[in-house]
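**Q** Protein sequences appear in the order of chains A and B.
Here this note's numbering is used: position 88 in the first sequence is 88, and no number is missing along the way.
Here this note's numbering is used: position 103 in the second sequence is 103, and no number is missing along the way.
Some hints could be false.
What the hints assert, rightly or not - Covered, in the sense of this in silico footprint (three residues per stretch, anywhere, with C-beta under 8 Å from a C-beta of chain B), are these stretches of chain A:
1. 43–52
2. 60–68
To be verified - Label-pair ranges, simulated between beta-carbon atoms:
3. A:LEU5 - B:VAL39: 33 to 43 Å
4. B:SER150 - A:ARG88: 26 to 36 Å
5. A:PRO10 - B:LEU101: 30 to 40 Å
6. A:LYS3 - B:TYR52: 25 to 35 Å
7. B:PHE49 - A:GLN95: 51 to 61 Å
8. A:VAL128 - B:ILE65: 48 to 58 Å
Because the hints were derived from the structure by calculation, they are not lab data.
Every residue gets a Cβ at the ideal spot worked out from N, C-alpha and C, and that includes glycine.
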Amino acid sequence: MWKTLSLILPVLMPSWRFFKTIEPSPRVQWRFLTDKNATTGDWQDFRPRPQAVTAVQMIGRLFWNPVWNDNLFVVSCAERIEQQRTDRSITEITQRILADSDATQMNPQVRLVQFRLLFVHRDGADLVEDIVFVSDPVAQPRGPSC
Amino acid sequence: MLTLDAALRATEILLALAFLQQSAEYIFGSRAAWMLFGVRAALSIGLLFGVYGAWVLLALCVHSIFVLHRFQGPYNGGSDRMGLLVLYCLSLSRWMPTAALQEVAFGYLAVQVILSYFISGQVKIINPEWRSGRALGDVFSFSVYPVALSLRALALRPRLLWIASWSVMLFELLFPLSFLNAGLLILALILAAGFHIANACLFGLNRFVWFWVASYPSLLWLQGRVFPGG
Numbered sequence: 001m002w003k004t005l006s007l008i009l010p011v012l013m014p015s016w017r018f019f020k021t022i023e024p025s026p027r028v029q030w031r032f033l034t035d036k037n038a039t040t041g042d043w044q045d046f047r048p049r050p051q052a053v054t055a056v057q058m059i060g061r062l063f064w065n066p067v068w069n070d071n072l073f074v075v076s077c078a079e080r081i082e083q084q085r086t087d088r089s090i091t092e093i094t095q096r097i098l099a100d101s102d103a104t105q106m107n108p109q110v111r112l113v114q115f116r117l118l119f120v121h122r123d124g125a126d127l128v129e130d131i132v133f134v135s136d137p138v139a140q141p142r143g144p145s146c
Numbered sequence: 001m002l003t004l005d006a007a008l009r010a011t012e013i014l015l016a017l018a019f020l021q022q023s024a025e026y027i028f029g030s031r032a033a034w035m036l037f038g039v040r041a042a043l044s045i046g047l048l049f050g051v052y053g054a055w056v057l058l059a060l061c062v063h064s065i066f067v068l069h070r071f072q073g074p075y076n077g078g079s080d081r082m083g084l085l086v087l088y089c090l091s092l093s094r095w096m097p098t099a100a101l102q103e104v105a106f107g108y109l110a111v112q113v114i115l116s117y118f119i120s121g122q123v124k125i126i127n128p129e130w131r132s133g134r135a136l137g138d139v140f141s142f143s144v145y146p147v148a149l150s151l152r153a154l155a156l157r158p159r160l161l162w163i164a165s166w167s168v169m170l171f172e173l174l175f176p177l178s179f180l181n182a183g184l185l186i187l188a189l190i191l192a193a194g195f196h197i198a199n200a201c202l203f204g205l206n207r208f209v210w211f212w213v214a215s216y217p218s219l220l221w222l223q224g225r226v227f228p229g230g
């Protein structure tokens, strides 16, 4: 009951403080591991943004933008992990990495997947990246042929 | 002048379309909780065609609690909050026993829409980084929002950022004044919709467009109610 109230009250009495300050910005990176002790996998950006988007694509995304909206949810999860770590948020990110990596890459040597969170912020004229979280390696689900 | 009933019906149609767009993204796109959003889509079709309107709104409210629990809050922050605020105010208005209470519930939505612009402007203008254009530069430079790497180059255009920052802040702060005149309000809402469309193009925030537009009939109705003929 209290949980439900805590979810509904911010909807009924929103703060509307959009972009009050520009907070450190999360990036999710992931890698494959062959076993728990391996350190070989290169970190890769999760769903890297494209170099350019055409005006037609921008207009089209007014009506159809599921991946980007899911990315924004991943950002929310990353911010929750940084502020108050919850298994739920870690699982949400892990599931998406597993789903995407399974669809794009399948190496028979790969056994585990791991992700980390970087937070980018400005320090004077420089941009600084801080690693704030590294997940435990999670087993990659195996298909019937593996 | 827009009557309360016409404004409520217009809001129902716009909200139903916004929910259908959102549900389609879950069901056919990200496939996050697609079964949950299949239910929302079915209810939204009922709302769109005015079938058992008040009961459908009530069902959507109950359903929203499951969605909030599923994602531990709104899936997409401010846009989902506005969508649910529209839903809750609309539902309250439909279920209130007297005309006066119906107006209070729907009027609350209009007041929140005005505040959504005014408070956003107020928190920015007291921040020196926003006044200098630096904050908007940071949005383009390192925030997660620019939809393409090429847009990050806009962080290197300080004069453009300064003009854009002040345009946004002044528009948001002055938005409540448009409420004094019907014609001015329509113009302000067109500008506001354009602002949301620009945010959707540059930052991918497409859901803001549909949920904020769904809230606009409440403002048009309240303006006519408070300033008849004005």
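**Q** Indicate, hint by hint, whether the structure satisfies it.
**A** So, going through the hints one by one against the coordinates:
1. 43–52: holds (count 4)
2. 60–68: holds (count 8)
3. A:LEU5 - B:VAL39: 33 to 43 Å: violated (23 Å)
4. B:SER150 - A:ARG88: 26 to 36 Å: Between SER150 of chain B and ARG88 of chain A, where Cβ atoms are some 35 Å apart, the hint holds.
5. A:PRO10 - B:LEU101: 30 to 40 Å: violated (24 Å)
6. A:LYS3 - B:TYR52: 25 to 35 Å: holds (30 Å)
7. B:PHE49 - A:GLN95: 51 to 61 Å: Given about 36 Å between the Cβ atoms, the range is violated.
8. A:VAL128 - B:ILE65: 48 to 58 Å: violated (40 Å)
Hint violations for this structure: numbers 3, 5, 7 and 8, all remaining hints satisfied.
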